[in-house]
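Undergrad: All chains, full assembly: derive it from the sequences and hints.
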Amino acid sequence: GAVVSQHPSWVICKSGTSVKIECRSLDFQATTMFWYRQFPKQSLMLMATSNEGSKATYEQGVEKDKFLINHASLTLSTLTVTSAHPEDSSFYICSARASGGDGAQYFGPGTRLLVL
Amino acid sequence: GDSVTQMEGPVTLSEEAFLTINCTYTATGYPSLFWYVQYPGEGLQLLLKATKADDKGSNKGFEATYRKETTSFHLEKGSVQVSDSAVYFCALSDLGGGNKLTFGTGTQLKVEL
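So the sequence lines, in the order shown, correspond to chains A and B. Counting in the working numbering, the first sequence runs from 1 upward without gaps. Counting in the working numbering, the second sequence runs from 1 upward without gaps.
Because the hints were derived from the structure by calculation, they are not lab data. Wrong hints could be hidden among the right ones.
Stated by the list, open to error - Here are the simulated EDC-like pairs of lysine to aspartate or glutamate, each with C-alpha atoms no more than 16 angstroms apart in a straight line:
hint, chain 1, residue 1, chain 2, residue 2
1, A, Lys-41, B, Glu-8
2, B, Lys-100, A, Asp-102
3, B, Lys-77, B, Glu-63
4, B, Lys-56, A, Asp-102
As the list claims (entries may be wrong) - Stretches of chain A that chain B covers, calculated by requiring three or more beta carbons in the stretch to come under 8 angstroms of a beta carbon on chain B:
hint, region
5, 44-53
6, 103-116
Given the structure is predicted, the values throughout are model-derived calculations rather than measurements. Each residue gets a CB set at the ideal place from its N, CA and C atoms; glycine is no exception.
TA: Quick look at the structure:
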């Protein structure tokens with residue numbers, strides 16, 4: 001149980017294009033989903049917290065107009081990197097937390113983005 | 001604010017050696033504690049968890065005990081295997097922190113034959 005999927009797992013795009021990453025909780029309902037960014041050999045950096053049906057809460061220093069988050073249902077959240085630039089290249093990981101749980105987050109396998 | 005401190009890596013062990021990865025925390029409330037494991041190129045997997053003092057989390061031969069008096073949650077395994085090579089993250093979730101996860105910096109474990 002508690003499986004989270006992400007799609008795509010790899011994406012290569014040209015500078016200036018937008019990329020959408022999907023995060024799905026497959027066997028549970030997730031009232032809250034989180035988006036993280038991870039740089040090589042570093043820990044995860046929380047970008048934003050997404051609650052179903054409401055606007056995402058962004059961490060300090062994260063541009064909300066650049067990283068658009070939508071959490072339209074209890075099983076799906078999307079992150080759109082708009083007008084991507086090479087510095088946006090990174091490993092993006094989502095996680096989901098079940099309602100009424102113990103705080104555990106279940107992570108997707110990650111999406112590696114390379115912007116040329 | 002909340003924080004998690006882990007021992008720095010990389011930790012290199014021979015197969016069947018005993019593993020300890022230290023983790024201590026600072027939190028304003030009564031957090032839940034977690035160990036996550038990340039294999040190369042993958043996302044994080046929940047390894048084990050403990051939600052209150054003196055709880056012991058265990059999974060796949062790994063164990064960690066929630067020690068409130070020492071604010072610690074050290075990860076242990078009696079006999080490591082090459083397949084345990086990964087990065088291990090200690091984390092806490094605190095209601096006072098909005099139930100966000102606060103991660104340690106991660107400890108890379110390399111197990112050699």
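Undergrad: Three or more residues of the region 44-53 of chain A near chain B by CB distance under 8 angstroms?
TA: holds (count 3)
Undergrad: Just to be careful, I want the Cα atoms of B/Lys-100 and A/Asp-102 compared with a cutoff of 16 angstroms; is the pair within it?
TA: Answer holds: B/Lys-100 to A/Asp-102 is near 11 angstroms, not above 16 angstroms.
Undergrad: Keeping to a limit of 16 angstroms between CA atoms, is the pair of B/Lys-77 and B/Glu-63 held or broken?
TA: Measuring from Cα to Cα gives roughly 6 angstroms; hence the hint holds.
Undergrad: Are the Cα atoms of B/Lys-56 and A/Asp-102 separated by 16 angstroms or less?
TA: Within the cut-off at roughly 15 angstroms; holds.
Undergrad: Would you check chain B against the region 103-116 of chain A, counting CB to CB pairs closer than 8 angstroms, and say if three or more residues qualify?
TA: As far as the region 103-116 of chain A goes, the hint holds, because 9 residues have Cβ atoms under 8 angstroms from chain B.
Undergrad: Hinted pair, alpha-carbon criterion (16 angstroms max): A/Lys-41, B/Glu-8. Please report holds or violated.
TA: holds (12 angstroms)
Checked against the numbered hints given earlier, this structure breaks none of them.
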